[in-house]
Each structure stands twice: as structure tokens, then as C-alpha cells.
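Novice: Starting from the structure of chain A, add chain B where the hints point.
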Amino acid sequence: MEAYIKGIGIISPQKTFDTPDFLSDVVETASNSLRCIEPSYKDFLNPTLARRMGRIIKMSIAASSICFKDSGVPMPDAIMTGTALGCLEDTEKFLFSIIDNDEQFLTPTSFVQSTHNTVSGQIALQLKCMNYNFTYVHKGFSFESAVLDGLMTIAEGNGNNVLVGGHDEMTDKYYRVCDRVGYWKQETVSTMELINSKTSGSIAGEGAAFFMLSNHASAENYAKLRSLKFIYKPESQQDVENRIMEMLAEKGLKPEDMDAVVYGINGDLRFDGVYNDLKDGMFKNSTAVYFKHLCGEYQTSGSFALWLASNMLKKQEVPAAVLIGEKKHTSLKNVLIYNGFMGDDQSAFLLSQC
Amino acid sequence: MSSKVYVTGIGIISAIGNNVAETLDSFNKMHSGVGTLEHIISRHQADTPVAEVKASNAELAVMAGFPKGHEDTRTALLGTIAAKEAVKSAGITDMKEFRTGIISATSVGGMGMTENLWMQYLDTEQSGPWLKFIESHECGDSTEAIADSLGIRDYLSTISTACSSSANSIMFGARMIKQGLLDRVVVGGVDSLSKFTINGFSTLMILSKEQCKPFDANRKGLNLGEGAGFIVIESEKAAKGKTIFCELTGYGNANDAYHQTASSPDGAGAYLAMEKAFNISGLKPADIDYINAHGTGTEINDLSEGTALDRMFDKKVPMISSTKAFTGHTLGACGGIEAVFSILAIKNNMVYPNLNLVTPMPELSFKPVTELKKDQKINNVLSNSFGFGGNTSALIFSRVKE
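Each protein sequence line maps, in turn, to chains A and B. Heads up, the first sequence stops at 354 in the working numbering, and the numbers go up one at a time, no gaps. Heads up, the second sequence stops at 402 in the working numbering, and the numbers go up one at a time, no gaps.
These aren't lab readings, by the way, just hints derived from the structure by calculation. Even for Gly, the Cβ is constructed at its ideal location relative to N, Cα and C. Among these hints, one or two may not hold up.
[Said to hold, decoys possible] Label-pair distances were calculated between CB atoms; the ranges are:
no., chain 1, residue 1, chain 2, residue 2, range
1, A, N101, B, E299, 25 to 33 angstroms
2, A, Q238, B, D375, 57 to 65 angstroms
3, B, N116, A, L269, 48 to 56 angstroms
4, A, E156, B, D47, 47 to 55 angstroms
5, B, N348, A, A219, 21 to 29 angstroms
6, B, D148, A, G182, 14 to 22 angstroms
7, B, N348, A, E156, 48 to 56 angstroms
8, A, Q238, B, T93, 20 to 28 angstroms
9, A, G182, B, N116, 16 to 24 angstroms
10, A, E156, B, T93, 45 to 53 angstroms
11, B, N116, A, K42, 38 to 46 angstroms
[Said to hold, decoys possible] When the alpha-carbon atoms are kept at most 27 angstroms apart in a straight line, the in silico DSS-like pairs for lysine-lysine are as follows:
no., chain 1, residue 1, chain 2, residue 2
12, A, K233, B, K284
13, B, K209, B, K220
14, B, K132, A, K233
15, B, K374, A, K229
16, A, K251, B, K178
17, B, K84, A, K233
18, B, K401, B, K374
The shape of chain A in the complex, shown without the other chains (with noise of 0.2 angstroms):
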């Protein structure tokens, strides 16, 4: 199971959409929970509906209509979305309201748009695209859920270009709430010295991310993607480095083929550990990436590091802000993802440069 990646929408903390910049001007923040920088609607959305739209539907709508553009294909074989959270602003009020109003006078908006699978089906109804169309909500599994179904429709022959994306989004009130058990630092962390952190916690992200995969070979492509793995709650380091080496092995690689890994380091001491072990063991020749300083912590993460690593195979850069220690590259050729979400639900992607 393998496709291209033919084009990629992102709305995300960093300044990913409208611009050739591949993160050289870094958008540090001197805050604990980094917000997407978001679009003028309008380019995408009539007014009158970008108004009742929460903000994660509206943000996602953004990115895949980019997506659309990026790759040329208009209207998509398949539709697949992983959203840990969904539309949590929508759920929010909702909630709020149900508890503030004791059950009465409440309108059906928000709990309509609250639901996880909102934004598949508004893509859907906005393109008026009756094909195959699914939801994945397993937390830090999520966006690799539908990337994995992306592969499988592609190989089943179901599809030539399917869109497959991740979004999830943070409010000020569900900072608060995961902040008492433990998700967030205490004290406030600048961008450029998460990885430095010697305490538990990290900082609160999101994003929405957007791929056209395709089975169509182009050298316009950014990266073909070659192989998914899950890792849940791994045993060991042993049992990840197994399963890492296996995965490889059924490509014909090695560790040292890998010109450069992107890691899924949050800066929490707790989870930082198996990440760390990699990059200093079985990938010590590689060159060693993270990104999670520049997105934030959020489940559907994988996301942001899909289109880096792309970004990095189709331009040949690491830029300077993703980059731990010294670049051991010449060229890129293979990259490695190994991400998870504050330790759980681990998972790999292997790329490789068309």
C-alpha cells in the first residue's frame, strides 16, 4: 500500500498557506496554547455561512479548498477526516447551554455542527461529492486512521485521488480543563526552548491538514508514502525499535537509509524518553527533526509533521527551526515520522522522495 502525496492545504500556528516561506520566519509565541493563524474566509466561504460555522469547520474548509488547489483535483474519490476532539467549540456551547438554560431554550446549531463527523460531510456538501466518506475520532490515532483507509481505498482500486485530512482545535475553557490533569507546562515556555524543558507538561496546539493522496507517479508530487504503522502502548523501546525495524525490512531498508527522522518531541519529560532513545540510538546517522514547538501538542499532530516531512523531501531543506543538533544528510531521500500523542497511540510513516 503506497501513494503519492499531490498536494497539501494547511492551517495551522505557523504561517503555512499563502506563502512560498518553508519556516523561516517562525511565529514564536509567548504563550502556553498556540493558535492557528487563520485565513480572510471570504476566499473560501460564502458570508453567510462562514458566519454560523464554528471555527474548526471553517478553518478545515480553508485548508482542504487549498488542498484542491494545490494538487488540481477538484473534486476527490473519497473523502477521510481523524479529529480527536471534532468541533469542540460547537460541543462546548452546547454543553454550556444545556447546563446554564437547565434544558430549555436551546437551538439546534451548535449541537448540529458539534458532531465529530461535521467537517467530512460539509466538504462533502460543499463540493456536492456522493462518494466514500468516513470520520476516525481515535484520539492520537486519528489522522493516521484515515491516512490508512487513504492507502487502503487507493490499493483496493476504490479511488486515483482521495483527500484525506486532520483537524482538531483547542478553546481557552478545554486548555483549562486538561491542564488539571497534567497536559500543559506550569510556566511558560518560549517556542525555541521547548526542547530544552527539563519538566512535565507541554503546550497546547492545533491544526487542520489537508492531502491529496494519489496512485498517479509525477515529479510535481511531494513525497510518495510508503509505509503506516500503529504502536499502541508499546511494551518497551525494544518493542518500538521491533516493530520500526520491521517496517523498514519490508521495504528493503535499514535505519542508516533514513536521511532524516521527525520526532514528536513535546518537551514533557514524561514522553520525551522514547523519542530521545531513537534519535540517539538506532538513528543516531540520521538527521534528527521535531516540529511540535512550532504546531503545539494535539492528537491530530501527525498532520503538521506529514506536510513538513513532504515539504522537506519535495524542497530538499530541513529549515533551521525544525532542526536538533547538526544536519547528517547529503540529500533527503527517505524520512521517518515517529510521532504520538502525550505517549500514547504511536505511530510511523516512511517516506520517500519521488
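Specialist: Structure of chain B alone, referenced to chain A:
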């Protein structure tokens, strides 16, 4: 790779029974599970009938086999009970014997817990052991609870496509087997009643104040329900030598792309989903012996689905019923629960009645079955599930040829 996907285990809990045997007993006695809401304090308790599982969370925890005092979301408890029954019925004792996954489905996950604790979560002055439930809000939480209790590690996922969620989890699991990614998968879904969904559907004005009447000309809306339905599906290799319930021969997924919540009047998305399922199964509409309809009892669904069925079957619709008047509409769980009903229809050669039907819809050519029918020859069953966001899905279960 396996070209066939076999059903080897079934498990269910809903308002009409805590397991397969109790469920069949309720069908035999024509006992509906729709009644008064008991386990949630709500303004709607008196005037909105629901189909609730007749047990408290503490009782469910015992049924799920957890140690005394174990607390979890109702979603995780219901899911664990049904998934465990399915795994037991499949005779699985060693999870490591084959690559095993679980794909669950839910519409609101741990919302039943979140809605009770939300204000406490936000108030940093208050603290307690309930803080551990913060993470149970996520839809994937109940799936991981089920997976951990069963020892499943090779693959986990959760699907949420509103009321078609668990039909999609069954479809996705079958595709993973056919692609050779897994040998067997526990698939299905779970949802528990919550104030969130009761009030949500209430604002849409599609909750009936009386027992729902699917496919009746005077239908007044749906009754919400709760429960879980899981089945075990296996590859040819893994199922070898085992007792097989039936084969999952067809599945189809499409999008109606008509409206965020309402189905199109002609049921275009429903038609497409059924058409895809027939293409995969290689069966013709005339091969279907029984249809377990989505049949929610809302004005729009039943007309849209009925119109699509009339077109698909060229107005020669076989025996058909909606079982929602028994179980209520269990949202993300209904595809799993109704898959169990479809499988039991084949196993027992029976067809369930569409309760409360008085006046058939004049727009449709067919009249649903209103009595429990036994001694039928049921070889192929079509099960439909449709949801918000335009999601439409259809599954076909078939008797394994001797």
C-alpha cells in the same frame, strides 16, 4: 489476503436485553425496550420516552467483569459487555494467535460523564477522583477501555459518522481483513444516552413523545436508545475450523451531499450505498430475503430510505422491518446492534416485526412485516444505516453455502 470475511462471534446489550439470549427472548415476546428515562435526571424524563439499558453503571461494571468499585463511563461499560460476549462467542481465548484489532464506533463517546462533571472540571477550587474522567470525554477512550480489557493490541480505531458509525466500523474492519492487514477484528459500536443527545435531538424536533412508529404514515419522530453491538469478523485462515454465523458479503458507503442533517427526498446517498454493497457482494436485489431498515421513525428518514428502497428493488421490496421500536435509535451503536439482528435473522431463519405500524406510508410500495416470523428461509440480509453529515452505509450478510 482473504477474499472472504466470516462472522464468528456476536455480542449485544440494549434496552431489550443484556446479551444475545435475552434479546431473542424479547423479540419472541414482542417486548419493546422503549420506556421512561431512569438513569439520567432530565427535564425530558416525563414526556420523552427512551430505550434505556435496565442497569445502573455499578451493575454494568459487574456485568463487564471489572473488579468491585470500578468506575467508568457508561459508554465504556456497555461496549465492554457486548465486545466480551462477541469474543467469547467466537471462542477466542488467545489474542496473540492471530493479528487482532478492534474498530469501535460512537457518536458522543464519554459525553454522559462530561456533561455531569463539566462545571466541576472548570472550577479549579474543586478537586476529586472524578478528575480522571476528563480524558474519558474523547471518543477513543471507550475503545481503549474495551481493547485493554480484551488484550487487543495490534490495531485500534474509532469511527464517528453519526448514526452510520458502527456500520462503517464493520466495513472498515472487513476491508482491513481483505487487505491482509489483520486476521480478525472486533467491530461494532456503542453509545449511551446523554442529556446532550436528548436535548440535541429535541431541538431538531424529531423526538417522538410517544412510542416511535417507523414507516407509519402518522409517524411522529424517533425514540433515542442506548446500547452496544459488536461482532467478530475473521479471515478465511483465522476462521478455519470454527463455527461460522454467516459471511459479510457486501458493504457500501456514500454521502448524500444534500443537507447537514436531513436526508435527500429521493434518498440518493442511501441508494448509492446499497448499490455499492450489491456490487461488492455480487448479489442482486432479488437475492435479499430480509431488510433491516434504518427506519428511525422520523418523517424525513423513512420517506428518503423508503423511496431509495423502492427504486433499488424496483418496487419489489422483500420482507422489511425497522427494529428501532424495540431498541430505540441507538445512534452510533445502531449499525452494530442491527448487524447482530441481521446475523441472528440468518441463523434462526426469523424476521422481526416493525412494531407500532398502523397505517403504511402511502408514498411507498411496501408494507413492513408487523409480526414475528419464524421458519423463513433467510439467506441474505441487507442492513442500512444513515446519519447526519450525509453519511449513508449499507451492509449485506449472507448464509455460508454448504
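Novice: Now tell me if each hint is right for this structure.
Specialist: So, going through the hints one by one against the coordinates:
A hinted range of 25 to 33 angstroms holds for the C-beta pair N101/A and E299/B, which are about 27 angstroms apart. At roughly 58 angstroms, the beta carbons of Q238/A and D375/B sit within the given window of 57 to 65 angstroms. With their beta carbons about 33 angstroms apart, N116/B and L269/A fall outside the hinted range of 48 to 56 angstroms. Between E156/A and D47/B, the C-beta spacing of about 48 angstroms keeps the proposed range 47 to 55 angstroms intact.
Remark: the range hint 21 to 29 angstroms for N348/B to A219/A is contradicted by a beta-carbon distance near 59 angstroms. Distance hint for D148/B and G182/A: a CB-CB separation of about 21 angstroms, consistent with the stated range 14 to 22 angstroms. Look at N348/B against E156/A: about 33 angstroms separates their beta carbons, and that is not inside 48 to 56 angstroms. The hint said 20 to 28 angstroms for the Cβ distance between Q238/A and T93/B, and at roughly 27 angstroms that hint holds.
At about 22 angstroms, the beta-carbon gap between G182/A and N116/B stays in the expected band of 16 to 24 angstroms. At about 32 angstroms, the beta-carbon gap between E156/A and T93/B misses the expected band of 45 to 53 angstroms. The given range of 38 to 46 angstroms is respected by N116/B and K42/A, whose C-beta atoms sit roughly 41 angstroms from each other. Of the pairs offered as hints, the one joining K233/A and K284/B is violated, with about 44 angstroms between alpha carbons and a cut-off of 27 angstroms exceeded.
About 8 angstroms separates the Cα atoms of K209/B and K220/B, which keeps this hinted pair within 27 angstroms; it holds. At roughly 19 angstroms between alpha-carbon atoms, K132/B and K233/A fall within 27 angstroms of each other, so this suggested pair holds. Annotation: proposed proximity of K374/B to K229/A is violated, straight-line Cα distance about 47 angstroms (limit 27 angstroms). With a C-alpha separation of about 21 angstroms, the suggested pairing of K251/A with K178/B holds against the 27 angstroms cut-off.
With a CA separation close to 21 angstroms, the supplied pair K84/B and K233/A stays within the 27 angstroms bound. At roughly 21 angstroms between alpha-carbon atoms, K401/B and K374/B fall within 27 angstroms of each other, so this suggested pair holds.
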